[in-house]
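Residue numbers (our numbering), protein chains in the order written: chain A, 1 to 333; chain B, 1 to 257.
Some clues are possibly wrong.
[To be verified] List time: in silico DSS-like cross-link candidates among lysine-lysine, alpha-carbon distance up to 27 angstroms:
1. B:Lys141 <-> A:Lys232
2. B:Lys141 <-> B:Lys118
3. B:Lys143 <-> B:Lys118
4. B:Lys116 <-> B:Lys143
5. A:Lys232 <-> B:Lys143
6. A:Lys232 <-> B:Lys118
7. B:Lys139 <-> B:Lys116
8. B:Lys116 <-> B:Lys141
9. B:Lys143 <-> B:Lys117
10. B:Lys116 <-> A:Lys232
11. A:Lys232 <-> B:Lys139
12. B:Lys117 <-> B:Lys139
13. B:Lys139 <-> B:Lys118
14. A:Lys232 <-> B:Lys117
15. B:Lys117 <-> B:Lys141
[What the hints assert, rightly or not] Here are the in silico distance ranges between beta carbons for each label pair:
16. A:Leu116 <-> B:Asp122: 31 to 39 angstroms
17. A:Thr225 <-> B:Ala148: 25 to 33 angstroms
18. B:Ala178 <-> A:Leu39: 38 to 46 angstroms
19. A:Ile313 <-> B:Phe18: 51 to 59 angstroms
20. B:Ala148 <-> A:Ala32: 30 to 38 angstroms
21. A:Leu116 <-> B:Lys16: 19 to 27 angstroms
22. B:Ala148 <-> A:Trp49: 38 to 46 angstroms
23. B:Val79 <-> A:Pro212: 22 to 30 angstroms
24. A:Phe105 <-> B:Arg226: 44 to 52 angstroms
25. A:Trp29 <-> B:Glu196: 56 to 64 angstroms
26. B:Arg226 <-> A:Thr312: 52 to 60 angstroms
27. A:Ala32 <-> B:Val58: 40 to 48 angstroms
28. B:Lys16 <-> A:Ile313: 52 to 60 angstroms
29. A:Thr123 <-> B:Ala238: 46 to 54 angstroms
Hints are computed from structural coordinates only; laboratory data are not their basis. Note that the Cβ used here is the ideal one computed from N, Cα and C, for glycine as well.
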Amino acid sequence: MSNTQSLFQQKNDLRHRLGRFTNHGDRFWVAALFGSSLLILILVLMIGWEVWALSAPSRHAFGWAFISPWAKAAWNPALDRFNAWPAIYGSLVTSAIALVLAVPFSIAVAIFLAELAPPLLRTPLNYMVEMLAAVPSVIYGLWGIYLFLPKVVHPIGAALQNTLGVIPGLSTFFGGPIPASGISKLAAALILTIMVTPTIAAVTRDVLLAIPRSQREASLALGATQWETIWKVLLPMGLSGILGAVILGFGRAIGETMAVTMVIGNTSGGGYSVLKPGYTMASIIANEFAEAVSDLHSSALIEIALVLFVVTIILNAISRWLVMRVQRKTMGR
Amino acid sequence: MLTQKIEIRNLSVFYKSFRAVNDVTMPVYENKVTAIIGPSGCGKSTLLRSLNRMNDLVPGSHSEGEIILDGENLLDAGVDVVDVRRRVGMVFQRPNPFPMSVYDNIAYGPRLYGVKKKAILDEIVEESLRGAALWDDVKDKLKQSGMALSGGQQQRLCIARAIAIQPEVLLMDEPASALDPIATLRIEELVAQLQERYTIVIVTHNMQEAARVSDYTAFMMMNEQRAGELVEFDETAAIFTTPQDKRTEDYITGRFG
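Same shape as in the complex, but just chain A (with noise of 0.2 angstroms):
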């Protein structure tokens, strides 16, 4: 037998035995990933259960009314009475109001970083963007207390009152005076805004990058411009997975808790007007649970749970049907 044969079998005999082993170590792995999918399963069926079943007697106090916009009764524990529209109303004109305004924000600065900006400051951008999606939502709460609410939710609260506000029809969701302190809806949307934006802007970011620099040259070979090329091929490349991030920041913004109780004023009276204090769905059980009058008055806030728990498992399959959509439109599927 010659040098390489024998090699060539101690090859294989290696081969042979380390299969074996990664074998056995797929089976482990399998059923320790499966386990812990699973597992994701099991809390989301549990969660939901949990608040289906403690909710029960508000369900069957209120029925349909608990959400509706034209129930006669509004949110009152002294009464046992309750309403939960005001608080879903406040949770999805914050997060709107929040993702209007940061989306093409986010967008405009994910573009920057991925394609414009000059390596020199790419980094420390980059680092602050970052830094940004990890300060605690408490100290943005602070912040908007002590600054950004009388110097500059105020004044722009202001504006929208003598603009928007003096329009007949519109003058239902910016009727003011707005608090000169500016707590108020459009507070918790405006600092939304500024705590989704780095969220949204950095997977963008990401997105954009993991588009291959074939594509960017396939279009500039064709004589367009950086501009173009962003324009028609990069950004409707990168749609799924920009849809992607807006659903991550939506979802931030609908489940925040803290800055919004914070500055929204928790209120149910305020009514329609983004100028006037409100709740949103989870702030209004931050702030009320600890100190919830009757039983019932518990159970209407964890039905509220409820709702947001299914306007959040709604919205997030809608996205994900966008998202598909998308893809199967941009990769011949």
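Following the hints, complete the assembly by docking chain B onto the known chain A.
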């Protein structure tokens, strides 16, 4: 009648302080296929990418010398890069269709230049696809994604996309190196057809390919400082039968590289 479409004069290309291409002077003749061959790292792609200023995309790159296209130096500070790339098209090593429909891939360039009428775009798309010998393959699936085509079809789609804006010169950077032999053959046949209308410069590390498709061949090699230099430029037949330089002979007979 032989006219010089491009004249490369004393071209050196640097990446920061590293000299990647050193003092290359050679012609590119109109409606001929010029092949650039040489071992890996000899600067042939860098030279090619200078011809439509794609090297500008590499941070820290700069060039010395002149690249004269129809009397105009492409390296002049005042030259509009976008215009250069419109006149000098490029096909890359790996097929890089956009994740859009076949139709939109081809229409991308014309739309950049303001063509909006559907009838005109339809015509350009069909003409370009025919020009790239792809029309019969895809005429029924123009709405399908370009990414869904086979590798060889994708590369022909990229060629169609490049000729849709009717460049004067077509640069090809190892266009068949990522393809199987049959797809390679079709690309080579296509190059022969395209030659009637375009001036083509093709980089390849496959000498047989250069011999098959090109009229002229430039052979490049690294010098001691690892800068790419032009060793020999001649008619392809001459390069492969009676090379003047010993190094060319060694390379084409397979003694190295």
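Worksheet item: Looking back at the hints listed earlier, which ones does the structure fail to meet?
Response: Failing hints: none at all.
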